[in-house]
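J.: What follows is the residue order along each chain.
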Amino acid sequence: MIRSLLSGDMPRSLPLALILGGILACLALAPFLFPGVRTVDTAARICIFIVLVASYDLLLGYGGIVSFAHTMFFGIGAYGVALTSIHLGRGFDAIAIGALAGAGFAAALALLIGLFSLRVRAIFFAMITLAVASAVAVLVSQLSGLTGGEDGLTFKTPRELGPAFKFGKETFGGVLFGVKLNGKLLAYYFVFIGALVLFLTLLRVVNSPFGRVLQAIRENDFRAESIGYRVVYYRVAATCLSASVAALAGSLYAVWLRYVGPDTVLSMELMIDILLMVVIGGMGTLYGAIIGATLFVLAQNYLQNLMGAASELVQDLPLLPELLSADRWLLWLGVLFILSVYFFPTGVVGRLREKR
Amino acid sequence: MSAAPEHAPTMAQATLADRIGPYMPVLLVPLLALAGFLAIMNPASWLTLTVSGLAMGMMIFIMASGLTLVFGLMDVINFGHGAFVSVGAFVGITVLMALGQMTAAPSLLLNLGAVLLAVIGAILATGAMGWAFEKVIVAPVYGHHLKQILVTMGGLIVVEQLIIVLWGPEEIYFNRPEALKGAVTFAGAAIEKYRLVAVAVGLAVFAAMRWVLRRTKIGLIVRAGVENGEMVEALGYRLKLVFVGVFIAGSALAGLGGVMWALYQEVITAHMGNHAMILIFIVVIIGGLGSVEGCFIGALLVGLLQNYIAFIEPKAALISNIALMVTILMWRPMGMIPVVKAK
Numbered sequence: 459m460i461r462s463l464l465s466g467d468m469p470r471s472l473p474l475a476l477i478l479g480g481i482l483a484c485l486a487l488a489p490f491l492f493p494g495v496r497t498v499d500t501a502a503r504i505c506i507f508i509v510l511v512a513s514y515d516l517l518l519g520y521g522g523i524v525s526f527a528h529t530m531f532f533g534i535g536a537y538g539v540a541l542t543s544i545h546l547g548r549g550f551d552a553i554a555i556g557a558l559a560g561a562g563f564a565a566a567l568a569l570l571i572g573l574f575s576l577r578v579r580a581i582f583f584a585m586i587t588l589a590v591a592s593a594v595a596v597l598v599s600q601l602s603g604l605t606g607g608e609d610g611l612t613f614k615t616p617r618e619l620g621p622a623f624k625f626g627k628e629t630f631g632g633v634l635f636g637v638k639l640n641g642k643l644l645a646y647y648f649v650f651i652g653a654l655v656l657f658l659t660l661l662r663v664v665n666s667p668f669g670r671v672l673q674a675i676r677e678n679d680f681r682a683e684s685i686g687y688r689v690v691y692y693r694v695a696a697t698c699l700s701a702s703v704a705a706l707a708g709s710l711y712a713v714w715l716r717y718v719g720p721d722t723v724l725s726m727e728l729m730i731d732i733l734l735m736v737v738i739g740g741m742g743t744l745y746g747a748i749i750g751a752t753l754f755v756l757a758q759n760y761l762q763n764l765m766g767a768a769s770e771l772v773q774d775l776p777l778l779p780e781l782l783s784a785d786r787w788l789l790w791l792g793v794l795f796i797l798s799v800y801f802f803p804t805g806v807v808g809r810l811r812e813k814r
Numbered sequence: 057m058s059a060a061p062e063h064a065p066t067m068a069q070a071t072l073a074d075r076i077g078p079y080m081p082v083l084l085v086p087l088l089a090l091a092g093f094l095a096i097m098n099p100a101s102w103l104t105l106t107v108s109g110l111a112m113g114m115m116i117f118i119m120a121s122g123l124t125l126v127f128g129l130m131d132v133i134n135f136g137h138g139a140f141v142s143v144g145a146f147v148g149i150t151v152l153m154a155l156g157q158m159t160a161a162p163s164l165l166l167n168l169g170a171v172l173l174a175v176i177g178a179i180l181a182t183g184a185m186g187w188a189f190e191k192v193i194v195a196p197v198y199g200h201h202l203k204q205i206l207v208t209m210g211g212l213i214v215v216e217q218l219i220i221v222l223w224g225p226e227e228i229y230f231n232r233p234e235a236l237k238g239a240v241t242f243a244g245a246a247i248e249k250y251r252l253v254a255v256a257v258g259l260a261v262f263a264a265m266r267w268v269l270r271r272t273k274i275g276l277i278v279r280a281g282v283e284n285g286e287m288v289e290a291l292g293y294r295l296k297l298v299f300v301g302v303f304i305a306g307s308a309l310a311g312l313g314g315v316m317w318a319l320y321q322e323v324i325t326a327h328m329g330n331h332a333m334i335l336i337f338i339v340v341i342i343g344g345l346g347s348v349e350g351c352f353i354g355a356l357l358v359g360l361l362q363n364y365i366a367f368i369e370p371k372a373a374l375i376s377n378i379a380l381m382v383t384i385l386m387w388r389p390m391g392m393i394p395v396v397k398a399k
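Residue numbers (the numbering used here), protein chains in the order written: chain F, 459 to 814; chain R, 57 to 399.
Just so you know, the hints here were simulated from the structure itself, not pulled from any lab data. Check each hint, because a few of them may be wrong.
Covered stretches of chain F (in silico footprint by chain R; criterion: 3 or more residues with CB under 8 Å from a CB of chain R, positions within the stretch not fixed) [to be verified]: (1) 584 to 592; (2) 595 to 605; (3) 728 to 738; (4) 796 to 802.
Glycine included, each C-beta is placed from N, C-alpha and C at the ideal position.
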């Protein structure tokens, strides 16, 4: 049962299995284990980023293709849900239409970019996606009539997903294990289950013959071509698939935040965060996405405070407080990123699996 | 025994398209300028736009030329190239601001002296940084594109953040030296003096690069290395050393471009290199990775097109570059002047 759910890709390491099980249990029971607005928000972000990072890993870790447009696809999904929710009225049908339209549009755009860049050299893809993504980001902030510009869009999700919706009054008295049964709880489980389904789908994809061919192309595209696989087709297909899953993750994010804006879903910083999560967790294994996203989001939420405290401790010394201030968090991430590419190219998961 | 068939070779004249083909990229620049003229229909504004387009193109060329050579020579793609642009701009402008008395004086000689010092400062700083960047960041990941992209991107982030640590997160506004302010009027068109200077510097850099690449021994080695590195090494040249030299020179050029770009915009931010990178990549791709001439033509095309479109339809200016790239890649998938690799 578990084996078939995981598509035969077992953790293959006891510590890894324990960590993954722990993360899954924590996320599944987050509203009950850690009640509180901020902690539940963190848990939801972890769920969404796991999917986003896993979809990026399909491209980077399995396909060996570097893309800088992943936030663009993420944003397309988010804006899709926001726009349909505003123009079609609040409701699950609007969310479904927005998510599907976003995923479809993302896949079409990925197909276009892939077709005219991947057929020449895989390296073109990285540069072209960077150019296209930044153009789209600027475009979104300029077309304020449609996208709300820099301010972004606030919209209403179905009533059932809002904090005003209460349920279970008769059976549980509206409270279960000390947690109020309201729409926010439902919204969390909407995100959690959506993320779980998407993740398991991705796991199925990478362990299918298709995923195996992608890995072969990553290792040696020339040889894969000689065996008879159309390398370009596989690369483009991987790009489209990864783009549409990213868009769906974006839709989940929009549903959770009930807001979209260029800074939250399209910024270059987000792209760098995704890169870091993939590299830290481990490229070429989807479990890396779980560990990378969890570590990163936790660190982002709690380590920044620590850095601020450290900066105050050394404030009499020259330059050090500047280097340690919470705003310079990206600096240390960059250093960590370079070091992990050099010394832990397989990431946390790779390390754990080695020590079997 | 039948007689041998009549042997009548026909020398088909190459079609016009075939004969023009190789020169087509070069012709594109005047063609684009002509199209711009027809679209604008106003000689004065057309001249202003063309000069500013050429100035912008020259600056992009200076920034991009190092990147394309580094790629051609060693197959190294440096996503951190934008960091040199930012550092060049910050160092250069810091020097310029320190020489405030020289830049504020109405004397042309003093002004140019200050700019020259700023440029030298920027070139020295970015050259040294290029050397360190090559040693620390790039050297361990030769022959591994994926890691190169990731690591150099990481390097860009670190350098960008270090700039913020050293110079603060705010944008820095400054004034151009007196002699470079203002405009000259020519045929009814106002042309900013600085743009003319930028065009001149760009042409000089291009001419110098061509001279080095075509007329000197080191240029011969570099060109041979781009075409077939293994063979050059087999002949006993230490290509690795040449490569480090090219990397340093490319970084220094990016620094020079950074100073010029900063003087053009009159504001510097830590992210300016990152923004410039986008134009640089477009230029390098449409020119053909590894080709200096292609890079030059591509930069001029991007600069001109951006200025014309911004005048005709401001909102479309952003997409115009992407559209240009798509069109050119559909016409020549490897870029306008593809570099022939013997690999």
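J.: If a hint holds in the structure, say so; if it does not, say that too.
T.: Hint-by-hint comparison with the structure:
no.	hint	in the structure
1	584 to 592	holds (count 7)
2	595 to 605	holds (count 3)
3	728 to 738	holds (count 3)
4	796 to 802	holds (count 3)
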